[in-house]
Amino acid sequence: MSTPILPPGLAIQKADERIMTLNVGPQHPGSGHMRIIVQIDGDYIVACDPDPGYVHRGEEKMAEYRNYVLNIPHLERPVIHDSCNILYPYVLGVEELLGLEISERAKYIRVIAAELNRCVYTMYWLAIYGIFLGHSTMFMWPAGDRELLIDLLEKMTGARVTHSYFIPGGIRNDLPANFEDVCLRQVNYFEKRIKEYADVFYDNPILISRTEKTGILSREDAIRLGTTGSVLRASGVDYDVRKKEPYDVYDELDFETNVMKSGDSYARSKIPWLDMMESCRIIRDALQKMPKSGSVRVKLKPNPKGAIGSVYKRVESGRGALGCYIVSDKKPIPYRVKLSVPSFRNLIALPHLLIGEKLGNMPSIYWSLNYWPVEADR
Amino acid sequence: MSSESEKKNVEEKPEDSKLTENKTAEKPTVEKKTVPSKKPQTEESELPAFEKGIGDKITEKFGEKTIISFVKPDRVGVKVSRESIHDVAEFARDVLNYDHVDSVAGVDYPADKEIEVVYHLSSYTDPALSRQILELATRAQREDDPIPGNDATKLPSLRDIFYSVEFHEREVFEMLGVFFEGHPDNRRLLLPEDWADLPPLRKDFRNKGR
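These protein sequences, in sequence, are chains E and G. Numbering-wise, the working numbering puts 1147 at position 363 of the first sequence, and it's gapless, one number per residue. Numbering-wise, the working numbering puts 174 at position 100 of the second sequence, and it's gapless, one number per residue.
Next up, chain G with everything else stripped away, as it sits in the complex (with noise of 0.2 Å):
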């Protein structure tokens, strides 16, 4: 099905078939510290320079373990392997000056077998970091049959360096079963007390009837 709206979408819009073209485009360049890019000049002026600044200095500092995910105006996406999470939010918070997290998303990758918890941090004390966010990624071994909390599927918390994730990690632990190390609370939220199936925001948990 998707082949044959993908070539209606080609024949309706070609404008349209253009734009998402230019996207496809930019993404490898985007991705340029791990792939080197084919055009460096022309991309590089585009990338918005404050923010290549941010992505910069992790790199520098944190070298192999980090991989900038993204450099798009106002984003900095930062994918960090689950051994160097503490010390780059840590980072963050004292040379960067990032002073809390917006946001902690976990989301679902059964195909590659892991788990990524994505921490949207933002900052109320920087003026210049005020449009800003950096997206740090990380990703916890996933297991097919969960026992959340006595699996492997776990990931050091950030709590002792941002206060304010204290809730939002609950809540990650309970909708995917990852169990954040070092969180003093890792009781559910949300969820009723008694919920003894699979932790919901998986993908193998299926909504009845869809």
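Isolated chain E, as found in the complex (with noise of 0.2 Å):
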């Protein structure tokens, strides 16, 4: 029998009679919407191959079609709960490109949105990890404490998940009265919540049975393999776009970043944690230094056309460092608009960290990576 042409993407596989493998995904509960394939031989992992792209949308390409401004609405899309920080590269860049000054009450207001959004992702993204591992009552926390900041948001954009509120000159719409006050004590009770999750979290025995010593990344190789976010700081480099490359008025604020030298799965789920009473104090200092009163936006010719050239800027998400490249020819449509996504980013470090696992710590490695495979498919 000769072998059959096959299209560049596939490959006929030998049968094994040790190694066995498996699809886990792409429409498994757990993995979202991303197939892995693993090799296993026995309880061990020898080959693991992650397959992205069951929900690629062509969000860059869409991109390609639409003016500076009616590209907002799809290109936070690829992930909803974040949706005001995969904005803010993009809406950065093409401030840039118009050459527009924004003022400074419309950068304290992006950036208690963009800080309410973080730590909004964070809450999901936890009560998944805790479904992940048997926790209900960690699904069940996270995933109703969120709503107390997503009523904060509802009232400052008017949606609960898909906001739409970075515009390039500023944000959609000021805020409504007396938010302040009703911020700063849904913030406060918030954090008091978070902080008692340590209790039945973080400092659980099982939880660290399970996760430390698990899926250890080397600081050398989380440089290396060159990823972002908590994956980066939990490996024991400190580096966060907020402090590092200040946009906005991050330079301003008071906060600190968390750094874990450990480099295992429980570091890695913990940094997000901490991150999120960081964006706590950020989201008060805020409050108290933002201008009471003031233009939040500037207003856009019809179809503004962006100067000649390109522009990258990255921004911090929820995730990691997000990065928007975007080329202009001086039209009403951007010519190339790239994201570089954290979750995409950190996928490289999914075999690197799986293989010599057992099978069971999958899917505590495999959550613990930050990773939002909408995001990272686009």
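Any given hint could be a false lead.
If the Cβ cut is set under 7 Å, some of the chain E residues that face chain G in the computed set are [to be verified]:
#: 1; residue: E1004
#: 2; residue: G1010
#: 3; residue: V1021
#: 4; residue: K1028
#: 5; residue: Y1031
#: 6; residue: D1032
#: 7; residue: V1033
#: 8; residue: G1107
#: 9; residue: K1122
No lab work stands behind these hints, which were simulated from the structure alone. Think of the CB as a built atom: it goes at the ideal place given N, C-alpha and C, for glycine as much as any other residue.
Build the complex from these two chains, which are given one at a time in their own frames, with help from the hints.
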């Protein structure tokens, strides 16, 4: 029998008596819309091939057909729980191309919205992490507590998850009346709540025994693989774009970055939780320093044209550094929009971490990478 | 239509047109490595010194093979010929201390019959470079009737220098059909395995109904 001619993506694999190939996903309730092809020898993973793309929607191609403002609602779709942060670099880039100068108040409101969004995303991620480890309480608590911040964002933006709040030139609308007081109260209560997670989750001996010393990513590997965000900081590299390359008003705000040295699943799962407390600190500080009145939006002319050239902007999202590369050729629509998303960048660490681990550790390692399948696919 | 709306802009917003004028006026001075600038004294001092130093180091080493396309605050753009991209990347890693790749973007230019691949390098380990992005752009020959992997659209892979480009280059290969020579794993990543159309981020691939 002659071998059939295959399209470039396909390959024929020989059956092996000892090695078994497992397809985890792409419709697995845990993995999200993503397939991980693992080969196991007994209980140990010997090969791993992540296969994203199940929900590839061509966001970058779509962006080449719409003008700079119409791109906003669909570019936030890859990660709707963190929709402010995924729009942030795009909006910053478009502002540079259009030569817009935005007001101080709009900058502060953006930071508040971005930090609230980071918490909302992290709570969702944490809920899934709980259910991945069979810890149902840890699913229910974050899923419930995140409603507090969703309510706040709904008051700000009018939408629960897909906010489309950031626009070139500022933000879409000003804060509602009395927002500062409500925000402060909710955020204080939220911080008190998430501190209680230590008792039920992070100091829980069962969690520690399952995640500590599994999936260790060394500092050198974290740098070499180009990982970002919580994965990088859990491996002992102190790099946060908010600190290193402050955008908007982050350089005026008071916060720390969290770094852990162990680089295991436990550290990777703890860093986002610690970051949420810093987010609460940022929000409180920003509410205090924010100008109490002023315009929040520069009026754009219809179909604005970008200057000829390109721009690369990055921000720190809930998962890590998120870059946006825009090429403009002086037309109302961008020539090319490229999103360099943290999920895609962290994915490279997955085969690196899984090989040699037990299959039972796969869920905890996989989700500790702070990976959002839909974002990686774009 | 474009000329009409441009006219409108000029009429409506005088201060805005001034802004764009400034931008266009900046452009030739930024490209001063290739084009002799008109007013060197004033513009030279406006260029950020540290970023200019990075650009100078690269031109010093590689001379004619590289063109500094722009120097902006925290951003340096370098155009590199496809023969020397490997050497320039190695130089950026070993001498300039860039240690990973943030993003690899492919941009299609059908009018030039070329596809540009842009690497954004960044550094975690060198504190002086923590704000910096070095943009290496190189161009591959473009074919109108592509056979991805089996035509002239090829570039040397940077995976042996920056391990972090592995998935990024796979994405560029499937989305634009640029084959990376030396990459160990040039399979599809995001697209379906049996995708048989044009690489979708090429300009001649049109979305339905658009």
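The hints, checked one at a time:
The closest approach between the C-beta of E1004/E and any C-beta of chain G is roughly 10 Å, which is over the 7 Å cut-off, so the hint fails. Nearest Cβ of chain G to the Cβ of G1010/E: about 3 Å, under the 7 Å cut. The hint holds. With a least beta-carbon distance of about 5 Å to chain G, the hint placing V1021/E at the interface is held under the 7 Å criterion. Interface restraint check: K1028/E against chain G, minimum CB-CB distance 4 Å, threshold 7 Å, status holds.
Among the interface hints, the one on Y1031/E is violated; its C-beta lies about 11 Å from the nearest C-beta in chain G, farther than the 7 Å criterion. A hinted interface residue such as D1032/E counts as satisfied when its beta carbon comes closer than 7 Å to some beta carbon of chain G; here the least separation is about 15 Å, so the hint is violated. About 17 Å separates the beta-carbon of V1033/E from the nearest beta-carbon of chain G, more than 7 Å, and the hint is not met. Below 7 Å, beta-carbon pairs count as interface contacts, and G1107/E has one with chain G at about 5 Å; its hint therefore holds.
Contact between K1122/E and chain G, as hinted, is supported at the beta carbon level, the nearest pair being about 4 Å apart and thus within 7 Å.
In terms of the numbered hints stated before, the structure departs from hints 1, 5, 6, 7, listed from lowest to highest.
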